[in-house]
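Participant: Assemble chains B, C and D onto chain A, guided by the hints.
Protein chains in written order, with my numbering: chain A, 10 to 186; chain B, 7 to 108; chain C, 78 to 475; chain D, 1000 to 1709.
Simulated from the structure, these hints should not be mistaken for lab results.
Don't be surprised by glycine CBs; every beta carbon is placed ideally from N, CA and C.
Incorrect hints may have been included.
[Unchecked claim] The calculated EDC-like cross-link candidates involving lysine to aspartate or glutamate, where the alpha carbons are at most 20 Å apart (straight line), are:
{"#": "1", "chain 1": "C", "residue 1": "Lys420", "chain 2": "A", "residue 2": "Asp142"}
{"#": "2", "chain 1": "A", "residue 1": "Lys36", "chain 2": "C", "residue 2": "Asp419"}
{"#": "3", "chain 1": "C", "residue 1": "Lys420", "chain 2": "A", "residue 2": "Asp149"}
[Stated by the list, open to error] DEER-style ranges, computed between Cβ atoms:
{"#": "4", "chain 1": "A", "residue 1": "Met172", "chain 2": "C", "residue 2": "Val159", "range": "49 to 55 Å"}
{"#": "5", "chain 1": "C", "residue 1": "Phe388", "chain 2": "A", "residue 2": "Ser100", "range": "55 to 61 Å"}
{"#": "6", "chain 1": "D", "residue 1": "Leu1657", "chain 2": "A", "residue 2": "Pro177", "range": "55 to 61 Å"}
{"#": "7", "chain 1": "D", "residue 1": "Ile1681", "chain 2": "A", "residue 2": "Pro177", "range": "34 to 40 Å"}
{"#": "8", "chain 1": "D", "residue 1": "Val1704", "chain 2": "C", "residue 2": "Leu110", "range": "51 to 57 Å"}
{"#": "9", "chain 1": "B", "residue 1": "Thr60", "chain 2": "D", "residue 2": "Gly1677", "range": "53 to 59 Å"}
{"#": "10", "chain 1": "A", "residue 1": "Met172", "chain 2": "C", "residue 2": "Val447", "range": "22 to 28 Å"}
{"#": "11", "chain 1": "D", "residue 1": "Ile1681", "chain 2": "A", "residue 2": "Val148", "range": "49 to 55 Å"}
{"#": "12", "chain 1": "C", "residue 1": "Ala102", "chain 2": "B", "residue 2": "Thr60", "range": "28 to 34 Å"}
{"#": "13", "chain 1": "D", "residue 1": "Ser1184", "chain 2": "C", "residue 2": "Val447", "range": "39 to 45 Å"}
{"#": "14", "chain 1": "D", "residue 1": "Gly1310", "chain 2": "A", "residue 2": "Asp149", "range": "51 to 57 Å"}
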Amino acid sequence: MTVLQIVFLVTGFVTLLAGVMVVASPKLVHAALWLIVSLAGVAVLFVLLNANFLAVVQVVVYIGAIAILIIFAVMLTRRVMADTGPTHNPSWWLALISALVLLGGLLALILQVPAFAQAGPTAQPAADSGLSDLGTALVDVNRFLLPFEVASVLLLAALIGAMAIARPADAAEEGGE
Amino acid sequence: MIPLSWYLILSALLFCVGAFGVLARRNAVGILMGIELMLNAVNLNLVAFWRYLTPGLIAGQVFTLIVFAVAASEASVGLALIISIYRRRSTVVVDEINLMKW
Amino acid sequence: MGDPFGLIGQWLMDLVTGWGMQPVAALTLLRFLGAAILATVLLLVCFLLIVAERKLLGRFQDRYGPNRVGPWGVFQTVADFVKLIGKEIVVPDGIDKPVYWLAPLLVVMSVVGIWAVVPFAPGFLGTDLNVGILYIVSVGAIGTLGIIMAGWSSNNKFALLGAFRAVAQLVSYEIPMVLTLLVPTMLAGSMGIAAIVEAQKDMWFITAAPLAALVFLISSVAENGRAPFDLMEGESEIVAGFNIEYGGLAFGMFYVGEFLHAFTVGVLFSTLFLGGWQGPGAEQFPLLGLVYFFAKAFVVWFITVWIRGSFPRVRIDQLLSLNWKFLTPLALLIVSLTAVVDKLAVEQGWSRILALLAANGALFVGTMAVLGAYGRSVRLREERLRATAGGLSTGIAR
Amino acid sequence: MRPEILTLLIPLPPLLAFGLIVLFTNRSNRLSHSVAIGAMLLSWGMAMAVFIAAVTAPHLGEHPIELSFPWLPTGATALSIGVLIDPLSAATLFFVAWTCLAIFVYSVGYHNYGQPREAHDRAGLPPHGGGLEPMYARFFAFISLFAFGMLTLVVSDNLLLLFVGWEIMGLCSYLLIGFWFGKDSAKKAMVKAFMTTRIGDVFMLLGLAYLYSATGTLNYRAILANEEVLHHLATTPAFLGLSIAGACGILLFMGTVGKSAQFPLHVWLPDAMEGPTPVSAMIHAATMVSAGVYLTLRMFPLLSAGWEEGGALTTPMLVVSAVGAFTALFAATIAVAKNDIKRVLAYSTISQLGYMVAAVGIGAFVAAAFHLITHAFFKALLFLGSGSVIHGMEHGEHETHAHTDPQDMLNMGGLRSKMPATFWTFLIGGLALAGFPLITAGFWSKDEIFADAFANGRLLVFGTLALAALLTAFYTMRQITLTFLGQPRTQAAGHAHESKWTMTLPLIVLAVFAVAAGWAGIPEDFPLIGGLLPNWMHDFVGGTLLEHPHPVAFSPIPLLTSIGVSLLGLLGGWLVYRNAKAGAPDPLIRALGPVHTLLKRKYYFDELYERFVVAPAYWLAETFTYKFLDGKVIDGVLHTIALVAGSVGTYLRRYIDLPVVNGAGDLVGESIKRAGRGGRVIQTGRVQGYLVVGVAFVALLLSYVLLVRP
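Okay, chain A solo, but in the shape it has when bound (with noise of 0.2 Å):
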């Protein structure tokens, strides 16, 4: 039981913790504080992994951007502070049921997993987690150029489909702000 497994126990046990609430919580805005914990937890692990970069983007992307978002939009669509009526389905037993039965499945595939048992990595990374080689893979040819740009185009298209859908119908006619 070294320090890094202790780490990983806890942070693990937060993190799932954490995703427990925030389906679970009866106040929506929780669960997107609950969330956030989550998330946070999951950079944590990344960092286990070394994979810095990925952890710190992880902070940015989801905390910094995503989370703010989602809290933005409870607060906007809800009368604030306010949280009536039941928050899970009728049959949200049914919802469980399958959810276990899929965790079921899911343990079953990683079972498969030839390296399941594996203790420990099989060999470091680059010095800097491989983040000068990620820069460049990005943007070679014969790697990742494509999918990257697919997704910088799909972040584009979010982008513009977003404020078209979000905007008011008044404000559609007279065309902004």
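Facilitator: Just chains B, C and D, lined up with the frame of chain A:
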């Protein structure tokens, strides 16, 4: 050292929790949160496999980045949709958005 | 006297391991220790900062500023602190307790967290993260989170409005800031702060990228949310913004957070553009580096205070359009320009710097021309409006 | 900058100009032509730089300037595009750049830039006397696009890219012939040109596909500069007793036949004169039609695969030489009888192209290339000159309000004094075309062809070409005499005056080349002046081929023939037409009688095509397919079937359908309706409900696949 299986199991659990959220939440925003959880579970898997099996290849990290992009777009568009629905029907409870229902 | 900080660290390490602790745990312990010390020191520095700023502002506004407590009023802050501690903690009704109490912590945390990657002197920094720049950005995001939590949880219309304003402002101004942060990254070829400081050995980056520095300064002052961008707590509009419902020590934390952030801006600026601890003889005598570092930081901090004392508050629409219509496009231009020029200037050294400088100059002239043309058109429109609508002029954003 | 990169950049400025003009500057004429000419100037500069680099490079034939990169990485075999500058393309690039630039400048004046736009001019119609062309900017956009296509074709290093440029030019030719789409004749002409060339292009595409399937590449060097590939192509039989090389060669040559208007497909070129004159000069004299010959020259190793110099010709070479020689003579005869100044030039273009093709056919590679270059210069010059003449005539009309056809040479005369610059340049071009001895470029290139044909004993070809040369000289002189000499035969001609410098300057530049281009190819062993200048053409361009062709030994007969025919023809032309009266018919009519009509009607080729190609097609479509096949047969069958089916149907309905089937059907329908009404509760419209089912199934499937059946 931490066995690979720990990561895999954790991500599986997280994934299923997210799935439950997607299936059970009444509020559309809640469903989005569930989706985010699932995406994160996937990311965790990707990075774990990258670190444990192929530290040399960068593919795992690249996929993760792309998933980030997808998640961001999905969140923005989804929330925009939710807001516009809220403007029209003044609710974001998916059961009450039942135009498709008979 | 070569490397005092290294020596101290080594000594502590030996000491702790001497007590029979395994190295990993020892290292962790030391890390925590260092963080604690750093944070405490910073919070103490704040006392000095606050009183200094108040005195300065006083001078700017032709007042004396605090001058009662202690010689020249230097102990004013201590007195305030004592008062704040002594206050009864008033908890408003209908608040969301955990969130309410968490918010100030997050705000202070986001500010102090930045210091973890700032190199004070050669070999004296919290941790040399290879993605330091991104780390700074992400920690800043946490501050935004704290503010919105504070505003939402305190069940108060003004607080919520303030939070919305704040988040709108912070999220938008994050964009030009991040874009301009890319410029030092490109010039140094690394996202690690230490590497960036190293890269400025011969010449500070402000010479190679003055425009980027300027944009960075503006947007980080806005990030800090002080005059002229202090809309999130426009006392005259929304009583005190997001922290209206806070009193006592909790308010104190917001207060400290803001002032400390102001100084942090100076620190970041001096680190990224003014060469951090670089200076004559800093290599041999790290303590000298420390001195240089704080001197530069204080200069920049003074400039921000100066700005605060001199400019009136902008309107929310002016604020946003300044960001979206001016700073963001400009930042984009700067980044692409720097990238291209830096690629083209094959050999390093002076020619490169000169090329970048020339590019910046050209861009600056172009921007000024565009602004001039825009201003003329706006003025014309106003003239026409005044001519038609008989004297009532419409406020036009920039 | 490295010449490879420069070569790569050459075609791009005109394309950029096209985009700019179409998208942004088309409102402003000044901007538009500045952009177009500026871009062309840029390409010209780069082309010259590349040309110099190519000339100075040692052994360019073996080590050409080339740069190639994968374009469509389709799995294992990547279609790669690239640029290649070997002697042939270098020489072509030279004259293409020059002529294009000259014509760009010329167009400014030709479209009356600077004049106000006349009120009654409408877009799609040529402006009346001196008004600004209404679609000025569009014209420059089109010719820029065309220049892009041509330059691409020249610098490309593979047949695919060449074909791309080829088709772009086809499009531009279509657009520009129909530039004045208000005129009905122009509309007809554009369609005709497009269709006719299309026929050739289809065969060419077939050839490309065949070649690709045979060799797996379309790169010149990989196919043409590669002994064993050529050998393999030459030896493996394809069909009709042709080797693959022969089949591909002929198929590709069909493309040439279409593009440079060789015998069966020549009909489009004369009608193409409906377009503005700069277009006729650039597309239909200097560059595009030369592209066909360029292709044939490119494919020379393929055509001549398995042929050693002086030996018996291969089948494709026979075909090529036959077509070329025949076209040369045939077109020349028609040109004699034409009165429209531009049509005469059009037919002479066809015949000159025939010369080159014939030259390639008999293996006179260098001579053909030489004539290609010189011809491009002097023919462009002649066209621009004629354009200037027409311009002058239109001005004359405009002033005198006389309504005479400004293109009919019988209405001209005496323009020598009215438009001196045009006259002198036109004279130089004409003499070059006629092959006036020693001083003109045309003489040297033609003489080269003659010499080669004679030396290798292709006497038939030799005779045909000589006869054609005689006619050429004749109609050239006829043209010059009718247009410039004598007295004005109409007021319009009387009031014509010289064009602006933007039009005359290009004329002068081209005139210089029309003389000087010949000096590059004077044979070493020519009497007196031979060897004064190195036979650059032979040494340089000849280097394109794998084995360097030997210069033909000098012999007096072809020389004397060419001098003789040219002088004879010129003299004849002058004698016949030196005092043509106003309104009097062409003296030839009396002399030739019915033959003249035959010639005038172009051997009734249009009528023949009309009768035997177009009309049958119409008939097939209209009468046979539509009226008979569709209307009578198919409909009849259908109607009978319908009748029978209808009667059977009523019977069935009355006795089987209603009682039996309907009963069952209604039963089924009702039950389904009930079931639906009962089951529709399942469709809750709750996405999550569906999701639950889906997830559950996925999970079950997963666990089954993994656990039960591992």
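Participant: The structure should be examined with respect to each hint, and the outcome stated for every one.
Facilitator: Now for the hints, and whether the structure bears them out:
For a cut-off of 20 Å, the pair hint linking Lys420(C) to Asp142(A) stands: about 19 Å separates their Cα positions. For the hint linking Lys36(A) to Asp419(C), the alpha-carbon distance of about 51 Å lies beyond 20 Å, and the restraint is violated. Taken as a hint, the Lys420(C) and Asp149(A) pair is honoured in the structure, with Cα atoms around 17 Å apart against an allowance of 20 Å. The hint said 49 to 55 Å for the Cβ distance between Met172(A) and Val159(C), and at roughly 51 Å that hint holds.
The beta-carbon spacing between Phe388(C) and Ser100(A), approximately 59 Å, falls within the hinted interval of 55 to 61 Å. Between Leu1657(D) and Pro177(A), the C-beta spacing of about 60 Å keeps the proposed range 55 to 61 Å intact. Evaluation of the 34 to 40 Å hint for Ile1681(D) and Pro177(A) yields a pass: the beta carbon distance comes to about 37 Å. One distance hint, 51 to 57 Å for the beta-carbon pair Val1704(D) and Leu110(C), holds here, with the actual separation near 54 Å.
The hint said 53 to 59 Å for the Cβ distance between Thr60(B) and Gly1677(D), and at roughly 55 Å that hint holds. Under the hint 22 to 28 Å, the C-beta atoms of Met172(A) and Val447(C), about 24 Å apart, fit the expected range. For the pair Ile1681(D) and Val148(A), the beta carbons lie near 51 Å from each other, so the given range of 49 to 55 Å is met. The beta-carbon spacing between Ala102(C) and Thr60(B), approximately 31 Å, falls within the hinted interval of 28 to 34 Å.
For Ser1184(D) and Val447(C), the hinted distance range of 39 to 45 Å is not satisfied, since their beta carbons lie about 52 Å from each other. The given range of 51 to 57 Å is respected by Gly1310(D) and Asp149(A), whose C-beta atoms sit roughly 54 Å from each other.
Going through the hint list in order, the structure does not satisfy hints 2, 13.
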